[in-house]
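Chemist: Sequence:
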Amino acid sequence: MKDTLIDLDFSELKAFIATTDRQESSLITILHMVQDTYGYIPREAQYIIANELKIPTSQVYGVVSFYSYFTENPKGKYQISVCLGTACYVKGAQDVLEAFEEELGIKHGETTEDLLFSISQTRCLGDCAAAPVIMINDEVIPKVHADEVPAIIEKYRGIENNANI
Numbered sequence: 452m453k454d455t456l457i458d459l460d461f462s463e464l465k466a467f468i469a470t471t472d473r474q475e476s477s478l479i480t481i482l483h484m485v486q487d488t489y490g491y492i493p494r495e496a497q498y499i500i501a502n503e504l505k506i507p508t509s510q511v512y513g514v515v516s517f518y519s520y521f522t523e524n525p526k527g528k529y530q531i532s533v534c535l536g537t538a539c540y541v542k543g544a545q546d547v548l549e550a551f552e553e554e555l556g557i558k559h560g561e562t563t564e565d566l567l568f569s570i571s572q573t574r575c576l577g578d579c580a581a582a583p584v585i586m587i588n589d590e591v592i593p594k595v596h597a598d599e600v601p602a603i604i605e606k607y608r609g610i611e612n613n614a615n616i
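Start counting the sequence shown at 452; every next residue gets the next number (our numbering).
The hints are simulated quantities; they were obtained by calculation from the structure and are not laboratory data. By construction, the Cβ of each residue, glycine as well, lies at the ideal position given by its N, Cα and C atoms. Just so you know, not all the hints are guaranteed correct.
Within a straight-line C-alpha distance of at most 20 Å, the following computed SDA-like cross-link-like pairs (lysine to any residue) qualify [claimed, not checked]:
#: 1; residue 1: 528; residue 2: 608
#: 2; residue 1: 558; residue 2: 543
#: 3; residue 1: 528; residue 2: 602
#: 4; residue 1: 505; residue 2: 479
#: 5; residue 1: 594; residue 2: 573
#: 6; residue 1: 526; residue 2: 495
#: 7; residue 1: 594; residue 2: 578
#: 8; residue 1: 526; residue 2: 497
#: 9; residue 1: 542; residue 2: 552
#: 10; residue 1: 594; residue 2: 540
#: 11; residue 1: 558; residue 2: 599
#: 12; residue 1: 528; residue 2: 590
#: 13; residue 1: 526; residue 2: 612
#: 14; residue 1: 505; residue 2: 467
#: 15; residue 1: 526; residue 2: 458
#: 16; residue 1: 594; residue 2: 537
#: 17; residue 1: 526; residue 2: 571
#: 18; residue 1: 465; residue 2: 491
#: 19; residue 1: 505; residue 2: 482
#: 20; residue 1: 526; residue 2: 608
#: 21; residue 1: 594; residue 2: 549
#: 22; residue 1: 465; residue 2: 493
#: 23; residue 1: 465; residue 2: 484
#: 24; residue 1: 526; residue 2: 557
#: 25; residue 1: 526; residue 2: 591
Now the in silico label distances, taken between C-beta atoms and shown as ranges [stated by the list, open to error]:
#: 26; residue 1: 593; residue 2: 473; range: 47 to 53 Å
#: 27; residue 1: 575; residue 2: 606; range: 20 to 26 Å
#: 28; residue 1: 541; residue 2: 519; range: 24 to 30 Å
#: 29; residue 1: 483; residue 2: 593; range: 32 to 38 Å
#: 30; residue 1: 567; residue 2: 594; range: 21 to 27 Å
#: 31; residue 1: 567; residue 2: 519; range: 21 to 27 Å
#: 32; residue 1: 590; residue 2: 473; range: 37 to 43 Å
#: 33; residue 1: 598; residue 2: 510; range: 44 to 50 Å
#: 34; residue 1: 466; residue 2: 519; range: 23 to 29 Å
Using the sequences plus the hints, can you model the full thing?
Modeler: Here it is as structure tokens:
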């Protein structure tokens, strides 16, 4: 996904950097702030950080790409995790994952262009008795079947539409 889908304001980042000692040792702290503020670490933010800390952009990118906590891809407002652990897989979780991908027009690891939904796969959500299980943000949804996916998506689109009224 490209940063051009949304217009980002980096004034908060620049103000935060101004509160640091502007040393290389501040890099991780600054990256955490960017991840927490924007939900990911856009390339433009990496350029700003490198410039402000007077370090190569490749060094900033190296840290971003090394740590799994950091991501360069924006996450959707609603992050859908589909459990593909053994119990869930046996009970049809792969079909559920494919239904989400088809319904949203994206693959796991991607985000819809409106930044509303992201899909990821996980190995276990800890509720094998309720397999197949998905999680949307912090809500665990048990015993999901592929034919329920359109209604689940519609529920969250409805929440979003009501929030915008």
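Chemist: So, against the hints stated earlier in the document, which numbers end up violated here?
Modeler: none
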